[in-house]
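Here is what each chain is made of, one letter per residue.
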Amino acid sequence: MLKVEGLKVNYGMIEAVKGIDFEVHDGEIVALIGANGAGKTTTMHTISGLLKPSAGSITLDGKEVSRLPAHKIVELGIVQCPEGRRIFAQQTIEENLSLGAYARKDRKEIESDMEKVFDLFPILKERRKQLAGTLSGGEQQMLAMARALMAKPKIMLLDEPSMGLSPLLVKEIFYIIKDINRQGVTVLLVEQNAKMALGIANRAYVLESGKISLSGTGEELLNSDSVKKAYLGG
Amino acid sequence: MKFLSYLISGIRLGSIYAIIALGYTMVYGIAKMLNFAHGDVIMIGAYVAFFALYRAGFPLVAALLASVAVCTILGITIEKLAYKPLRSATSLAVLITAIGVSYFLQNAALLLWGSTSKIFPTILDYGFIELFGGELKISYQILITIATCIVIMVCLTLFVNKTRMGKAMRACSEDKDAARLMGINVNSVISLTFAIGSGLAAVASVLLCATYPTVTPTLGSMPGIKAFTAAVLGGIGSIPGAFLGGLLLGIIEVIAKVYISSELTDAIVFSVLVLVLLFKPTGLLGRKTSEKV
Numbered sequence: 001m002l003k004v005e006g007l008k009v010n011y012g013m014i015e016a017v018k019g020i021d022f023e024v025h026d027g028e029i030v031a032l033i034g035a036n037g038a039g040k041t042t043t044m045h046t047i048s049g050l051l052k053p054s055a056g057s058i059t060l061d062g063k064e065v066s067r068l069p070a071h072k073i074v075e076l077g078i079v080q081c082p083e084g085r086r087i088f089a090q091q092t093i094e095e096n097l098s099l100g101a102y103a104r105k106d107r108k109e110i111e112s113d114m115e116k117v118f119d120l121f122p123i124l125k126e127r128r129k130q131l132a133g134t135l136s137g138g139e140q141q142m143l144a145m146a147r148a149l150m151a152k153p154k155i156m157l158l159d160e161p162s163m164g165l166s167p168l169l170v171k172e173i174f175y176i177i178k179d180i181n182r183q184g185v186t187v188l189l190v191e192q193n194a195k196m197a198l199g200i201a202n203r204a205y206v207l208e209s210g211k212i213s214l215s216g217t218g219e220e221l222l223n224s225d226s227v228k229k230a231y232l233g234g
Numbered sequence: 001m002k003f004l005s006y007l008i009s010g011i012r013l014g015s016i017y018a019i020i021a022l023g024y025t026m027v028y029g030i031a032k033m034l035n036f037a038h039g040d041v042i043m044i045g046a047y048v049a050f051f052a053l054y055r056a057g058f059p060l061v062a063a064l065l066a067s068v069a070v071c072t073i074l075g076i077t078i079e080k081l082a083y084k085p086l087r088s089a090t091s092l093a094v095l096i097t098a099i100g101v102s103y104f105l106q107n108a109a110l111l112l113w114g115s116t117s118k119i120f121p122t123i124l125d126y127g128f129i130e131l132f133g134g135e136l137k138i139s140y141q142i143l144i145t146i147a148t149c150i151v152i153m154v155c156l157t158l159f160v161n162k163t164r165m166g167k168a169m170r171a172c173s174e175d176k177d178a179a180r181l182m183g184i185n186v187n188s189v190i191s192l193t194f195a196i197g198s199g200l201a202a203v204a205s206v207l208l209c210a211t212y213p214t215v216t217p218t219l220g221s222m223p224g225i226k227a228f229t230a231a232v233l234g235g236i237g238s239i240p241g242a243f244l245g246g247l248l249l250g251i252i253e254v255i256a257k258v259y260i261s262s263e264l265t266d267a268i269v270f271s272v273l274v275l276v277l278l279f280k281p282t283g284l285l286g287r288k289t290s291e292k293v
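Here the protein sequences come in this chain order: X and D.
1 is the number of the first residue of the first sequence in the working numbering; add one for each residue after it.
1 is the number of the first residue of the second sequence in the working numbering; add one for each residue after it.
Just to be clear, a hint being listed does not mean it is correct.
Claimed, not checked - Part of the chain X face toward chain D, derived, beta carbon under 10 angstroms:
| id | residue |
| --- | --- |
| 1 | Ile73 |
| 2 | Gln80 |
| 3 | Tyr102 |
As the list claims (entries may be wrong) - Think about it this way: if two alpha-carbon atoms lie no more than 20 angstroms apart in a straight line, the pair counts; the simulated SDA-like pairs of lysine to any residue are:
| id | chain 1 | residue 1 | chain 2 | residue 2 |
| --- | --- | --- | --- | --- |
| 4 | X | Lys72 | D | Glu130 |
| 5 | D | Lys84 | X | His71 |
| 6 | D | Lys162 | X | Glu111 |
To be verified - Beta-carbon label-pair distances, calculated as ranges:
| id | chain 1 | residue 1 | chain 2 | residue 2 | range |
| --- | --- | --- | --- | --- | --- |
| 7 | D | Pro213 | X | Glu64 | 52 to 62 angstroms |
| 8 | D | Gly166 | X | Arg67 | 25 to 35 angstroms |
| 9 | X | Arg107 | D | Thr90 | 31 to 41 angstroms |
| 10 | D | Gly57 | X | Glu64 | 50 to 60 angstroms |
| 11 | D | Val151 | X | Arg107 | 51 to 61 angstroms |
| 12 | D | Met165 | X | Glu64 | 27 to 37 angstroms |
| 13 | X | Ser54 | D | Met165 | 26 to 36 angstroms |
| 14 | X | Lys105 | D | Ala69 | 23 to 33 angstroms |
| 15 | X | Pro167 | D | Ser91 | 37 to 47 angstroms |
If you're looking for bench data, these hints aren't it; they were derived computationally from the structure.
Predicted model, so just to flag it, every value in this text is computed and none were measured.
Where is the CB? At the ideal position from N, CA and C, for every residue including glycine.
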């Protein structure tokens, strides 16, 4: 479905991503793990069109998307739930969700889809008229994911969904990610919490200073000595 | 009764400031820049309305529409040519560019139409209504100015809060990259913002010339600076803030002129701004943005 080949991205003077290749197949959860500054978020931003690559290609079902503006990429079904949630704090939950559906052409179905999203996140339904900035960190993460779902993604890019959340909430968020995936959404997941990410991923790639150093199934990487040492605390 | 009539003329002046302030505040809210050429768009609007009325003999409404059309296109063009290439430049570079555009427009007007002031034809002269047995006279011109301002405020507030495009505008003003990730075309939102602000500048120019009928290449500078002050006073980025700031500034200006000193008026106006900012740095209705992690 999504194929990244020879991708290089410069961030100012620095080459943050130094030629990476990876693939996400239909229906998969693929994790991209690695330390801070490895180039994970840069990769996500480039796929979404917020950054332009200096070389390489990104294709969705064979169609080149890397030179398209960000809003066109969303229309094609590549939807990102960004790091740090980036919800619109001064708008209500409902308004945030309808912004999520901004790029959709099938306006009539948006309302019924909002109800479906509320089924997945009942807490948001209770607070639908509340300003998003008043939500707690975990609720904001749920809103960010719900907002991305409203775009009817073919593939959802999830950047650090567990950041700053309590272990209990992290478990809940990962459970929801699996649920979203079961409903037919392909997921590309970027995480520092390697253990949780590898636990739900079909396949995973390890990103190390802008290059992919390892890849395999989630299980393989969970049991790999080098991954254990570097990312799982021994 | 005299005080009441001064107050009303302050509200009239303030209404014009408020309409201009909207241009500053909306552009600041979305593009995070101070468009110092905004005052000069008013000037261009005044010339267009003048030529449409005086030379082409357009009726008032047609002249107004012509002025709005020209200013809207001018605003979009300025943004495309001067500001868009600087989207990722420092704010100082953008500010200096805006000042450059301002001088460019003034000098272009000087070159095209000369420095001799043109006298705007009398418009909106429909007489007075008398209240309190003739003690208080209010001209229809004043009423039309105030009503125009209120209608614009109501329409704009509804647009920003209720429409899909308005929500996209608010999203852009909060977080442009997140807005991009929603599929919002941020460049077209910025264009739209300049279009609305500049179109409103044209409306303000006609209302301004109805009151002060001399058209010169520097006509926009002072109202521009005053309206910018009004926008800051009310809280830049806030639409109700522009309304409140504009009205307050107009009232203070007129009252100070009449009761204190006409020479000191501007000093008093700016002192009020300084005082307000001392106690509330974000302006009267400005919000302090707080983030939750």
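Which of the listed hints are not met by the structure? 4, 11
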